[in-house]
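Guided by the hints, dock chain B onto chain A, whose structure is given.
Residue numbers (my numbering), protein chains in the order written: chain A, 1 to 273; chain B, 1 to 273.
Wrong hints could be hidden among the right ones.
Same chains, same label: a pair holds when it works inside one copy or across any pair of copies.
[To be verified] Calculated lysine-lysine pairs in the PhoX-like style (CA-CA distance at most 25 Å, straight line):
| hint | residue 1 | residue 2 |
| --- | --- | --- |
| 1 | 246 | 97 |
| 2 | 72 | 97 |
| 3 | 246 | 260 |
| 4 | 97 | 68 |
| 5 | 39 | 172 |
Hints are computed from structural coordinates only; laboratory data are not their basis.
Protein chains: 2
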Amino acid sequence: MNFVEKLLTASRSNQSLLCIGLDPDPELMPGIDVFQFNKEIIDATSDLVCAYKPNLAFYEALGIDGLKAMSKTIAHIPDSIPVIGDAKRGDIASSSKAYARALFDTFGFDAVTLNPYMGYDSIAPFIDYTDKGIFILCKTSNPSASDFQELPSLEPAPGTGTIPLFERVALKAVAWNTRGNIGLVVGATYPRQLRRIRELCPEMPLIIPGIGTQGGDVAATVRYGVDANREKAIINSSRQIIYASKESDSALAARREALKLRDLINHHLETMR
Amino acid sequence: MNFVEKLLTASRSNQSLLCIGLDPDPELMPGIDVFQFNKEIIDATSDLVCAYKPNLAFYEALGIDGLKAMSKTIAHIPDSIPVIGDAKRGDIASSSKAYARALFDTFGFDAVTLNPYMGYDSIAPFIDYTDKGIFILCKTSNPSASDFQELPSLEPAPGTGTIPLFERVALKAVAWNTRGNIGLVVGATYPRQLRRIRELCPEMPLIIPGIGTQGGDVAATVRYGVDANREKAIINSSRQIIYASKESDSALAARREALKLRDLINHHLETMR
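Pulled out of the complex, with its shape left as it was, chain A reads as follows (with noise of 0.2 Å):
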């Protein structure tokens, strides 16, 4: 089974479109254990989700310990769910090689992010994991996604017409796209920008962060995020559910959240029909 039927099958059993993001931030959880922090909320949620999300960043911070607790956390997702591995990466030749093998054979992730700035060589090692799913960053939810990504881009040869940056990304993703297994990250702060990409890319899946604490609108998410068969958005939450409660209750806190806002996500999937 490739990514996207994972996906699908995870997205359909459990009636969501919901990911949460494993994102354990030391400052929001002083001495508390890593793993068993994430093992109550999987164990919590895993009904609930078509994915899970860990961001590298997290576990990097806390050094050998914390990429420890991540191989546990991956390790302890009921294999019916998607782990996507939230790491950006970007590199060329043998170190974009080194990358694809660290974070699909070595981690073990069905999915990965990754950064388009140094072009197609640099995601070529990850797309010949043909069973592997492939997000590359399109249009992220920060305030200064902008800086660059919004800049009217021209295609070298003139008279292309002008377009934003994260456009081009998006055309260079269909482009690239011959196994089947790319998708984009698009940032739900931006939902213009999402229904614009979702045109472009009609049967890509969409992993979309920025709702909750970002402020992206749930409906406008689920409205433009969608593909036909409203399905393929991955719509992601980190903090809004995994702390939900700073008490000993944190598990039951995060289900209730996850379970209202997989809610929420489906009840505008209905108002759609």
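The following block gives chain B in isolation, referenced to the frame of chain A:
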């Protein structure tokens, strides 16, 4: 001592613009202990370089053991030689802060490489480490660098002219460099662009990979890469040096190659007088 001071001190003391990339590739050295391999290279070359640059991809590909070897390698490099973590990270908000903690506090690099695609707020947490160095990918050395980096880009405001994306990145880097700790990564394989970037950023340190295996010309790299004092070019070579020999004399062979390359660079510096 901040990063630039540390770099200049090492560079002057060793009369060297050479940086050695510590990129242990198990395909090229099956069965060899990574730390031991690095240790021998470092012991044989630390009087010949201005910096070392481990690329994290190769260590991550080896999992927890690889990252332990990376930590030991960093600790083994003499304090007088700056260590640049070639991480090419880029993320936002709390994730970006976590990467800064991981690379500067947890692993202890003196400087890191970062990807600009996500814009200012992805760089800001690193800038706050005023004693550390930050190298933003500008024009990378790989063939596909042109996919996006060469796209003619306009400022959002009309009428401000068209320049390639990588020049927009260079100009933003100048604008962001309020703490004096930003540099750029520019591939030796694109000497025209290197020259242009040095014009735009006369004061910044530049990491310049791409000589040797990738074909960048040393003479042009030196001529266009250095600043007005003929400094602040960090000319990187990895496999040409660390895999100069695959036999047990690899450290000696590495020293021979490093000496040759350092002296060749210095020869080209001399001709600029």
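- Task: State the violated hints by number, sorted upward, taking the hints as numbered earlier in the document.
- Result: Hint 5 contradicted; others consistent.
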